[in-house]
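Novice: Protein chains in written order, with this note's numbering: chain A, 1 to 249; chain B, 1 to 322.
If you are wondering where the hints come from, they were derived from the structure by calculation, not from laboratory data. In this text, all values refer to a predicted model and were calculated from it rather than measured experimentally. Wrong hints could be hidden among the right ones.
Claimed, not checked - Listed next, the stretches of chain B that the computed footprint assigns to chain A, with coverage defined by at least 3 CB atoms under 8 Å from CB atoms of chain A:
| no. | stretch |
| --- | --- |
| 1 | 64–70 |
| 2 | 162–173 |
| 3 | 252–264 |
| 4 | 270–280 |
Claimed, not checked - Under the rule of at most 25 Å between Cα atoms (straight-line distance), these lysine to aspartate or glutamate pairs were calculated in the DMTMM-like manner:
| no. | chain 1 | residue 1 | chain 2 | residue 2 |
| --- | --- | --- | --- | --- |
| 5 | A | LYS154 | B | GLU75 |
| 6 | A | LYS16 | B | ASP288 |
| 7 | B | LYS295 | A | ASP111 |
| 8 | A | LYS16 | A | GLU70 |
| 9 | A | LYS247 | B | GLU259 |
| 10 | A | LYS2 | A | GLU44 |
| 11 | A | LYS247 | B | ASP59 |
| 12 | A | LYS16 | B | ASP290 |
| 13 | A | LYS247 | A | ASP208 |
| 14 | B | LYS320 | A | ASP111 |
| 15 | B | LYS317 | A | GLU245 |
| 16 | B | LYS320 | A | GLU245 |
| 17 | A | LYS154 | B | GLU219 |
| 18 | B | LYS289 | A | GLU70 |
| 19 | B | LYS295 | A | GLU230 |
| 20 | B | LYS165 | B | ASP59 |
| 21 | A | LYS2 | A | GLU57 |
| 22 | B | LYS289 | A | ASP111 |
| 23 | A | LYS247 | B | GLU75 |
| 24 | B | LYS289 | A | GLU245 |
| 25 | A | LYS154 | B | ASP288 |
| 26 | A | LYS2 | A | ASP111 |
| 27 | A | LYS32 | A | GLU44 |
| 28 | B | LYS317 | A | GLU230 |
| 29 | B | LYS295 | A | GLU221 |
| 30 | A | LYS247 | B | GLU219 |
| 31 | B | LYS295 | A | ASP12 |
To be verified - Computed spacing ranges between beta-carbons, pair by pair:
| no. | chain 1 | residue 1 | chain 2 | residue 2 | range |
| --- | --- | --- | --- | --- | --- |
| 32 | A | ALA20 | B | ARG200 | 36 to 44 Å |
| 33 | A | GLY54 | B | GLU170 | 30 to 38 Å |
| 34 | A | ARG106 | B | SER171 | 47 to 55 Å |
| 35 | B | ARG200 | A | LYS189 | 47 to 55 Å |
| 36 | A | ALA20 | B | THR184 | 31 to 39 Å |
| 37 | B | GLN322 | A | ALA20 | 48 to 56 Å |
| 38 | A | ALA240 | B | THR184 | 45 to 53 Å |
| 39 | B | GLU170 | A | GLY207 | 56 to 64 Å |
| 40 | A | LEU185 | B | ALA319 | 46 to 54 Å |
All C-beta atoms in this analysis are idealised placements derived from N, C-alpha and C, irrespective of residue type, glycine included.
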Amino acid sequence: MKIAICLRRVPDTTAKIAIASNGTSIDETGVKFVPNPYDEYALEAGIALRDAAGAGETVVIAFGGDAVQETMRTALAMGVDRGVHLQGTPSADGLANARVLADHLRDGGYDLILFGKVAVDDYGQQTGAMVAELLGRPCATAITALVVEGGTAKVTREVEGGVESAHCALPAVFTCDKGLNTPRLPGLKGIMAAKKKPLDIVPTTAGDSRVTIVSLALPPERQAGRIVGEGAAAVPALMAALTTEAKVL
Amino acid sequence: MADILCVIEQRGGAVRKGANELLTAARQLADQLGGRVDALVCGVGSVNGIDALGAAGADRVLTASHDAFAQYAPEAIVATVQSVAGQYAAVLLAATATGKDLAPRLAAAIDAPCGMDVTAVTAVNGAVRVVRPVYAGKAIQTLEFSGTAVVAVRPGAYPAAASGKAGAVESVAVPAFTPRLTVTGIAAPEKATLDVAEARVVVAGGRGLGEPQHFGLLEALAAAFGGEAAVGASRAVVDAGWIEHGAQVGQTGKTVAPELYIAVGVSGAIQHLAGMRTARTIVAINRDKDAPIFKVADYGIVGDLFEVVPALTAAVKAAKGQ
Ligand SMILES: Cc1cc2nc3c(=O)[nH]c(=O)nc-3n(C[C@H](O)[C@H](O)[C@H](O)COP(=O)(O)OP(=O)(O)OC[C@H]3O[C@@H](n4cnc5c(N)ncnc54)[C@H](O)[C@@H]3O)c2cc1C
Chain A
1 MKIAICLRRV PDTTAKIAIA SNGTSIDETG VKFVPNPYDE YALEAGIALR
51 DAAGAGETVV IAFGGDAVQE TMRTALAMGV DRGVHLQGTP SADGLANARV
101 LADHLRDGGY DLILFGKVAV DDYGQQTGAM VAELLGRPCA TAITALVVEG
151 GTAKVTREVE GGVESAHCAL PAVFTCDKGL NTPRLPGLKG IMAAKKKPLD
201 IVPTTAGDSR VTIVSLALPP ERQAGRIVGE GAAAVPALMA ALTTEAKVL
Chain B
1 MADILCVIEQ RGGAVRKGAN ELLTAARQLA DQLGGRVDAL VCGVGSVNGI
51 DALGAAGADR VLTASHDAFA QYAPEAIVAT VQSVAGQYAA VLLAATATGK
101 DLAPRLAAAI DAPCGMDVTA VTAVNGAVRV VRPVYAGKAI QTLEFSGTAV
151 VAVRPGAYPA AASGKAGAVE SVAVPAFTPR LTVTGIAAPE KATLDVAEAR
201 VVVAGGRGLG EPQHFGLLEA LAAAFGGEAA VGASRAVVDA GWIEHGAQVG
251 QTGKTVAPEL YIAVGVSGAI QHLAGMRTAR TIVAINRDKD APIFKVADYG
301 IVGDLFEVVP ALTAAVKAAK GQ
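Use the sequences and the hints to build the structure in full.
Specialist: In structure tokens form, the structure reads like this:
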């Protein structure tokens, strides 16, 4: 089984966001970067499947600037076999980026291509499904269970009001959601081993963008609310506010 | 190219809740562009609820019938949309689990840029612009697309409206398609509860509840709202196994935009706020007056939830005449 896991480098989720002077991106000064949390579910799934099969290969693939290599080392430390850095500048147009990935993945002979369901920086939520469509592969997004048997995969995903089940033949593309597994932490041994694992660099260029970032801004502060009181005695005041001011009752 | 296509979600032969909100967004956009709104419904035979789509904003209702639509059939929907998409300025979907799955597939199939989970969509000099939260709601991005754009609109971002007109109904053919993913069905959760993403009221519990069985207090409060409230949760209690994943609100859970969000024993971590800060009205009940949740709450009660929640439940029941 040959498994590709696509990885994004994102600001730590607790990072305070400041807008850069260009008004369209964040100021990265002092911001700590981590592997996209959802990609960790994909990494764990890939590593576990390879281990269960007792054979095969896992490859972490990232499209971006050179800084992404540090993030890829985390994946290698978790247990991924090797990395491919698609070196270049991602576009604001998700489809242009998906094409870069798809062009690389097309002839790679991968049985499974895994993504996180969303990158927690731009919340694009589109790369995995676009890559699948570009490659003409079966795809399920935001999966919470994955069982691979022979040449087929069974998955579940949460939809409003229930859990949807689906199956498809491999090769297939999935994007991973929380609930799929518990990602392992890289151990010291893994971190040492990661330094020696191969990480190939392939220069790439995203095609023309049909998306322009007009602006990036901090959200309007919610208007300061008020404490209506303390303890159960405050319930009538809350009910009055909800009925007459907020009109939600 | 001033017309808008809305892909309307149906399940089990009935139009899903949320169609009307999507049509409100489409109507506003089409009016800015001077175009028409077409609503596409992919189903098996006739689908319940299509009669109401005209009044909700559709000029035309396009129905595509195929046995494959008994379940979610992404390739069949993509093929159908692809067959008509060329004439539209934008294709709108609801950013539900299904819509988020479908939108990028469609965008790739019709070679269009895609905007996900948008809270506003407008036209500026004929180009489609969207506003969307990024960085877990810590920043707001405005994007402009050139050419046909695929846009998934966050549920709750637009109100449902009624124009009073009836839309003309026409059928469209489902072109040949290759099914690649087979959806076998949807298992409803053990308890037939309302989904947090769809409820008008969300009562969310956090670690302050102390023990899993104390979620019963929140279920009672939700029940007092008479079928329009769902129980949500912070990640801390989901990870502890007190309640199922589907209830989690936040960055790694669901994004919700109910009219009323009551956070009980939830501290208000940034990742939790990411999922609920766009609720119309937020109430916080927490015994720590410095809890960050009070910074986003419209109304707060500082106190022990074990005293406050039962009193609130009784008050809501009384207000609802129960
Ligand atoms: C990558 C990442 C993603 C995450 N995603 C999410 C997410 O999607 N959703 C999410 O919620 N979190 C998420 N988190 C976790 C988040 O950081 C917090 O840990 C979590 O939200 C805290 O949950 P809590 O508010 O229930 O618990 P706590 O922070 O422990 O807060 C409990 C609160 O209850 C109050 N309390 C205690 N007893 C009582 C009482 N008797 N009466 C009244 N109040 C009481 C306390 O004062 C406190 O404010 C994520 C974290 C990371 C790192």
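Novice: It remains to establish, for every hint, whether it holds in the given structure.
Specialist: Hints, one by one, checked against the model:
1. 64–70: violated (count 0)
2. 162–173: violated (count 0)
3. 252–264: holds (count 4)
4. 270–280: Holds: 4 residues of the stretch 270–280 of chain B have a Cβ under 8 Å from chain A.
5. A:LYS154 / B:GLU75: holds (18 Å)
6. A:LYS16 / B:ASP288: The given pair, whose Cα atoms are some 23 Å apart, holds under the 25 Å limit.
7. B:LYS295 / A:ASP111: violated (48 Å)
8. A:LYS16 / A:GLU70: holds (21 Å)
9. A:LYS247 / B:GLU259: Satisfied, since the Cα-Cα distance of roughly 10 Å is no more than 25 Å.
10. A:LYS2 / A:GLU44: holds (14 Å)
11. A:LYS247 / B:ASP59: violated (33 Å)
12. A:LYS16 / B:ASP290: With Cα atoms ~20 Å apart, LYS16 (chain A) and ASP290 (chain B) stay inside 25 Å; holds.
13. A:LYS247 / A:ASP208: violated (48 Å)
14. B:LYS320 / A:ASP111: violated (56 Å)
15. B:LYS317 / A:GLU245: Roughly 19 Å between the alpha carbons, so the hint for LYS317 (chain B) and GLU245 (chain A) holds.
16. B:LYS320 / A:GLU245: Measuring from Cα to Cα gives roughly 17 Å; hence the hint holds.
17. A:LYS154 / B:GLU219: Roughly 33 Å separates the two Cα atoms, so the pair is violated.
18. B:LYS289 / A:GLU70: violated (41 Å)
19. B:LYS295 / A:GLU230: holds (16 Å)
20. B:LYS165 / B:ASP59: Judged against 25 Å, a Cα distance of about 8 Å means the pair holds.
21. A:LYS2 / A:GLU57: Holds, at about 5 Å.
22. B:LYS289 / A:ASP111: Distance ~53 Å between LYS289 (chain B) and ASP111 (chain A) Cα, so the pair is violated.
23. A:LYS247 / B:GLU75: Status violated; Cα separation ~43 Å.
24. B:LYS289 / A:GLU245: holds (23 Å)
25. A:LYS154 / B:ASP288: violated (45 Å)
26. A:LYS2 / A:ASP111: holds (5 Å)
27. A:LYS32 / A:GLU44: holds (22 Å)
28. B:LYS317 / A:GLU230: The given pair, whose Cα atoms are some 21 Å apart, holds under the 25 Å limit.
29. B:LYS295 / A:GLU221: holds (10 Å)
30. A:LYS247 / B:GLU219: holds (22 Å)
31. B:LYS295 / A:ASP12: holds (22 Å)
32. A:ALA20 / B:ARG200: 36 to 44 Å: This hint holds: roughly 39 Å between Cβ atoms.
33. A:GLY54 / B:GLU170: 30 to 38 Å: violated (56 Å)
34. A:ARG106 / B:SER171: 47 to 55 Å: violated (37 Å)
35. B:ARG200 / A:LYS189: 47 to 55 Å: holds (52 Å)
36. A:ALA20 / B:THR184: 31 to 39 Å: Roughly 47 Å apart at Cβ, these two residues miss the hinted range, so it is violated.
37. B:GLN322 / A:ALA20: 48 to 56 Å: holds (53 Å)
38. A:ALA240 / B:THR184: 45 to 53 Å: holds (50 Å)
39. B:GLU170 / A:GLY207: 56 to 64 Å: violated (36 Å)
40. A:LEU185 / B:ALA319: 46 to 54 Å: holds (49 Å)
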